[in-house]
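Just so you know, the sequences run in chain order X and C. The first sequence lines up with residues 1 to 350 when you count with my numbering. The second sequence lines up with residues 1 to 267 when you count with my numbering.
Incorrect hints may appear among the rest.
Said to hold, decoys possible - Simulated pairs of lysine-lysine, DSBU-like, Cα-Cα distance not exceeding 30 Å: (1) X:Lys312 / X:Lys343; (2) C:Lys87 / X:Lys17; (3) X:Lys104 / X:Lys53; (4) C:Lys177 / C:Lys87; (5) X:Lys312 / X:Lys294; (6) X:Lys294 / X:Lys336; (7) C:Lys15 / X:Lys104; (8) X:Lys112 / X:Lys167; (9) C:Lys6 / X:Lys53; (10) X:Lys316 / X:Lys336; (11) X:Lys167 / X:Lys104; (12) C:Lys87 / X:Lys112; (13) X:Lys316 / X:Lys294; (14) X:Lys53 / X:Lys167; (15) X:Lys343 / X:Lys294; (16) X:Lys53 / C:Lys221; (17) C:Lys177 / X:Lys53; (18) X:Lys316 / X:Lys343; (19) X:Lys17 / X:Lys214; (20) X:Lys312 / X:Lys336; (21) X:Lys17 / C:Lys15.
Calculated directly from the structure, the hints in this document are not laboratory data. Keep in mind that this is a model prediction, so the values were computed, not measured.
The primary structure of each chain is shown beneath.
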Amino acid sequence: MIDIRNLSFHIGSFSLKDINLTIGDGEYFVILGPTGAGKTVFLECIAGLHHVKQGQIWINGREVTRLTPEERNLGYVPQDYVLFPFLNVVDNIGFGLRQTRSSKSEMHRRIKSLAELLGISPLLERDVNTLSGGEKQRVALARALATSPRILLLDEPLSNLDLQTSKYLRLELLRIHRELGITIVHITHNQVEAEEMADRIAIINIGSLEQVGKPHDVFFYPENEIVSDFIGAMNILDCDSYRPLGNGLAEADCGGLRIILAHDGDSVRRIALFPRDIYVSDTQPPGPQINRFKGTITSIASRGATVRLEIKIGEKTLYAEMPDDIFGGMNLAVGKEVFLILKLRRMRVL
Amino acid sequence: MSKVLKGVGGERAFKGATISALVLLTVFIAGIVLSLLAYTDWGGFVSALFSEEILFAIRLSVITATTAAVISVAIAIPVAYTLSQHKFPGKDIVDSLLDLPIVMSPVALGAGLLVFFSTPIGSGIEDNVLRFTFAVPGIILAQVAVVSALAVRLLKSTFDNIDPRYEQVSRTLGCSKAEAFVRVTLPLARNGIIASAILTWARAIGEFGATVTLAGATAMKTETLPIAIFLNLASANIARATTILFVLVAVAIGALFIIRKTVGRSI
Numbered sequence: 001m002i003d004i005r006n007l008s009f010h011i012g013s014f015s016l017k018d019i020n021l022t023i024g025d026g027e028y029f030v031i032l033g034p035t036g037a038g039k040t041v042f043l044e045c046i047a048g049l050h051h052v053k054q055g056q057i058w059i060n061g062r063e064v065t066r067l068t069p070e071e072r073n074l075g076y077v078p079q080d081y082v083l084f085p086f087l088n089v090v091d092n093i094g095f096g097l098r099q100t101r102s103s104k105s106e107m108h109r110r111i112k113s114l115a116e117l118l119g120i121s122p123l124l125e126r127d128v129n130t131l132s133g134g135e136k137q138r139v140a141l142a143r144a145l146a147t148s149p150r151i152l153l154l155d156e157p158l159s160n161l162d163l164q165t166s167k168y169l170r171l172e173l174l175r176i177h178r179e180l181g182i183t184i185v186h187i188t189h190n191q192v193e194a195e196e197m198a199d200r201i202a203i204i205n206i207g208s209l210e211q212v213g214k215p216h217d218v219f220f221y222p223e224n225e226i227v228s229d230f231i232g233a234m235n236i237l238d239c240d241s242y243r244p245l246g247n248g249l250a251e252a253d254c255g256g257l258r259i260i261l262a263h264d265g266d267s268v269r270r271i272a273l274f275p276r277d278i279y280v281s282d283t284q285p286p287g288p289q290i291n292r293f294k295g296t297i298t299s300i301a302s303r304g305a306t307v308r309l310e311i312k313i314g315e316k317t318l319y320a321e322m323p324d325d326i327f328g329g330m331n332l333a334v335g336k337e338v339f340l341i342l343k344l345r346r347m348r349v350l
Numbered sequence: 001m002s003k004v005l006k007g008v009g010g011e012r013a014f015k016g017a018t019i020s021a022l023v024l025l026t027v028f029i030a031g032i033v034l035s036l037l038a039y040t041d042w043g044g045f046v047s048a049l050f051s052e053e054i055l056f057a058i059r060l061s062v063i064t065a066t067t068a069a070v071i072s073v074a075i076a077i078p079v080a081y082t083l084s085q086h087k088f089p090g091k092d093i094v095d096s097l098l099d100l101p102i103v104m105s106p107v108a109l110g111a112g113l114l115v116f117f118s119t120p121i122g123s124g125i126e127d128n129v130l131r132f133t134f135a136v137p138g139i140i141l142a143q144v145a146v147v148s149a150l151a152v153r154l155l156k157s158t159f160d161n162i163d164p165r166y167e168q169v170s171r172t173l174g175c176s177k178a179e180a181f182v183r184v185t186l187p188l189a190r191n192g193i194i195a196s197a198i199l200t201w202a203r204a205i206g207e208f209g210a211t212v213t214l215a216g217a218t219a220m221k222t223e224t225l226p227i228a229i230f231l232n233l234a235s236a237n238i239a240r241a242t243t244i245l246f247v248l249v250a251v252a253i254g255a256l257f258i259i260r261k262t263v264g265r266s267i
């Protein structure tokens, strides 16, 4: 268990402000926040890489606030993996084991089983500088897990990987978490990642903890404006009628929109959908005509890296969000007619 | 002016000017080597090379310079690491002070050491510990005084370029601060350490000013290679002086070659 009490920490002009947080044994805990929110500094405080002067950090019933990193026995994987470039894969994984004075055969056995767990057995003799991003991440995980820590700290473990690798590693991390029964603290700025992986989420912004809870609670019931601003307001559709279609599908009529969704229950009262899960196109997209609507843009707002569109479909107003560069590539303006696709897989029944 | 230097013509003019400077400097240095080659009496070269005096000078130079390089690098590693890692009040002053031997005239440095050994503390060391003035240890001390600052400078830039996260990761893997330094930082600094060892050694081989001031120029006693050149020129033995010159040129080229081979062209 990790117990953080009244932790404040200043570094340069940035500070973590009075953080209180308890992370339970065996939890997959995600710390979510925008870039520059202080997620990395917070993780580094837990790892013992900063001298914390205000507040306390307890790990498994022991106060570790003033202990050095080597006295805390935590697994830590920094962003960009930071593998030792002068060692090959085996020696990187075995680095911590050499510190524990394990015997040769013990080390060998441990490295072999970790390599199997992470699917990197064929890489063991490789030079780490020749590995791909996903391979490096696996080696870094094996290195951190080698000394059998009960807590694993991961700093943006999936963010510098291509989409395919990142999706696959997501499942791998969940499997490792399950198989080893360890506590994982995972920081990310990616909401989808947080939602899909976390047992509980903490939202952090400019050094303050804004909300802690189950993904469902954080995303659907933001406690304050900072959280709802960061998460982005949801599209909530109230549904009038409902008809099961069989095979786990159902059809609902929500304010004049006929929506097909994956649902087995008896009824659907409300559906929620993130703005980022609505595709917008200025031309008629090809494919089956399911959950597709035609609407008119009523407002356009830039939100940094993303653009938020307000689109009116009949009487209903929906919000859609898209990356800045994709918006720039389309010829969209207020008053223009657009085509929407509501992603079936991402709809949530409330 | 600006009209002339714009466009393709301007590019050519600028390129021409910079390349001319490169050619000029290269020709200058090549000229020195060539004039040496032309001047040398090759029949006398071999016999001079194996003369007792030159063999003595080579041996003394290699021993003193190697000792001085080892001592300098050994001291410079912790010094440079500290300067690279820590902020402390007066760091700028310490930093400048350590740079002083690089910009100072070696003769002045040697004179300073000579003065130190005439103080009560200095003469106490001389009488009870080790004799430095006009003796072989003085050569090593003079060389260390001149080259250690160079080693610190080179190693500091090496340590500055090492990402501190390597040490941090090793700490989370169970290393103490000292173990992290030995197991991670030193291997990462390997090339820089090799380069600074070779450069300090080559610089120590060529050291003259501080050496001659502190250890004197006594033939067959404190006669390193540069001092041998000086002594032979003074006694108008030009053939022998040029022979030693060649030895020094060979040492310098060899050192540069090894650095290129082991650590690339980063220095």
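List of violated hint numbers, smallest to largest = Violated hints: 3, 7, 9, 11, 12, 14, 16, 21; rest satisfied.
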